[in-house]
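Residue 292 in numbering that gives the first Met the number 0 is what sits at position 293 of the sequence shown, and the numbering runs on without skipping anything.
It is worth saying that the hints were derived from the structure and are not from the lab.
Any given hint might turn out to be false.
[Unchecked claim] Subject to a maximum C-alpha distance of 27 Å in a straight line, what follows is the list of computed DSSO-like cross-link-like pairs (lysine-lysine):
(1) Lys242 to Lys272
(2) Lys49 to Lys336
(3) Lys145 to Lys257
(4) Lys94 to Lys278
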Amino acid sequence: MNFVKRAGFSLWARKGRTLITLATFLVISVMVLAGVLINDATARAEQDAKRSVGAEVNLEMDMGQLGGAGGGGLQAPRIDAAAIDKLGALPQVQKYTYSMWDRAILKGKYKLVEGGPADPMGPGGTASIGLLDSSLLPDFRSGKFKLLSGEHLTAADKDKKQLLIEERLARKNGLKVGDRIPLTGNDEKTTADFTVGGIYRDPRPSTEPDAEYGVSPANMVYGTVGGLSALAPEGNGPLQVGKATFLLQDADVQGAFKDEAKRIAGSALDGFKLDANDKAVQQMTGPLKSIRSTATVAMWLMAVAGAAVLALLVNLAVKQRRKEYGVLLAMGEKKSKLIAQQALEIVVVAVIAIGVSSLFAPSLTQSAGQSLLGDEASAAKRKLDSWQPPGPGSTGLGEGIDMDDQPVENADPIDKITVALDPADLVTVGAIGLGIGLLATAIPAGAVLRLSPRTILTKGK
0 MNFVKRAGFS LWARKGRTLI TLATFLVISV MVLAGVLIND ATARAEQDAK RSVGAEVNLE
60 MDMGQLGGAG GGGLQAPRID AAAIDKLGAL PQVQKYTYSM WDRAILKGKY KLVEGGPADP
120 MGPGGTASIG LLDSSLLPDF RSGKFKLLSG EHLTAADKDK KQLLIEERLA RKNGLKVGDR
180 IPLTGNDEKT TADFTVGGIY RDPRPSTEPD AEYGVSPANM VYGTVGGLSA LAPEGNGPLQ
240 VGKATFLLQD ADVQGAFKDE AKRIAGSALD GFKLDANDKA VQQMTGPLKS IRSTATVAMW
300 LMAVAGAAVL ALLVNLAVKQ RRKEYGVLLA MGEKKSKLIA QQALEIVVVA VIAIGVSSLF
360 APSLTQSAGQ SLLGDEASAA KRKLDSWQPP GPGSTGLGEG IDMDDQPVEN ADPIDKITVA
420 LDPADLVTVG AIGLGIGLLA TAIPAGAVLR LSPRTILTKG K
């Protein structure tokens, strides 16, 4: 009788041992399959989060480079807008914008909204931010700022004199979209008329100074880069900007974009750094990484423990079947076929266990994984909600508040995953399961190779 038939008869004749081995393998298969399914589900959720947020790279002043300079003064670096346009034309870039800022002054009948800081930029002075594309401002993208009327400033408006003003400033001066308003530059001499292209709403109270510019949020003015640069004394020179934002096609191309940007811009990037703003993605996917780590550790612990238990079961089976093996060896059976029979018995049980586990493991994993993720997401959300900004006029350093910990708006931690079983998962589990089974037979195989039919049949050992 060949070893394949013997394996079948052996499994049927020893039903108790077969069921114990099957139960052990079933637990291993369920745990391993659950780990694989959670890994796949969290990976898909992370990829979806990256696509929904997009990949953002910011070109900002590098304080480290400036701090290392030998000069006594600290001057903010500038880069030609033409260099930014070249970077914006790279294939990895979906959209981009750049900005510059200076003081702008309202004179005559036009007044700033009262109630905020008292003349932080002098009488009638406020912060004017020149933009290539206002829709890419983080506050507009997150939904914090809302455009009430008019349209966003775009690259097509680059050389026009257009503004976005806050609704309280518009109401204070009776302005609406299409009206004209004069602005005076920082030199207090150069003046130009601008058209109100849009009116937006900033939810911050007018008494709360802007953290970066120190003026009332109600008085912040956004304009086209070309229009506002005309207010500067050097307005006829090449347009220079202080920061830029690149929204990439995919988060996975950040490295390629940075390499290309450094190659193309070269020394123009001196004093700047390219910073990948993946804070929103990290905030959203934190709970996913936590449960993935837990599932992976549990999966491998179960795999190692299962291999040890199976090795003990197989080793015990070898001891119990010594007389059977002795008779077979005495009849001329090869030891390699006895080992093959052991392996085949384990493989058959493993295949059945993997098949059964595939029927109910996905639903169990969905329930357990969703429960774990819900707990992790709730804890993460509570931590985000507990963060409090420093008081007005404070940097937060004295209170031990790190502004880098400030939560990103509209980037709530992901609290749902969808578990789906595909053939690749079964292949993975099958490979791991069969590997465990073969490993479990490897140690007892040594005992089979040492068997002596004469000793077994004459002395029983």
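Cross-check of the supplied hints:
no., hint, result
1, Lys242 to Lys272, "holds (10 Å)"
2, Lys49 to Lys336, "violated (53 Å)"
3, Lys145 to Lys257, "violated (32 Å)"
4, Lys94 to Lys278, "holds (19 Å)"
Of the numbered hints listed earlier, those contradicted by the structure are 2, 3.
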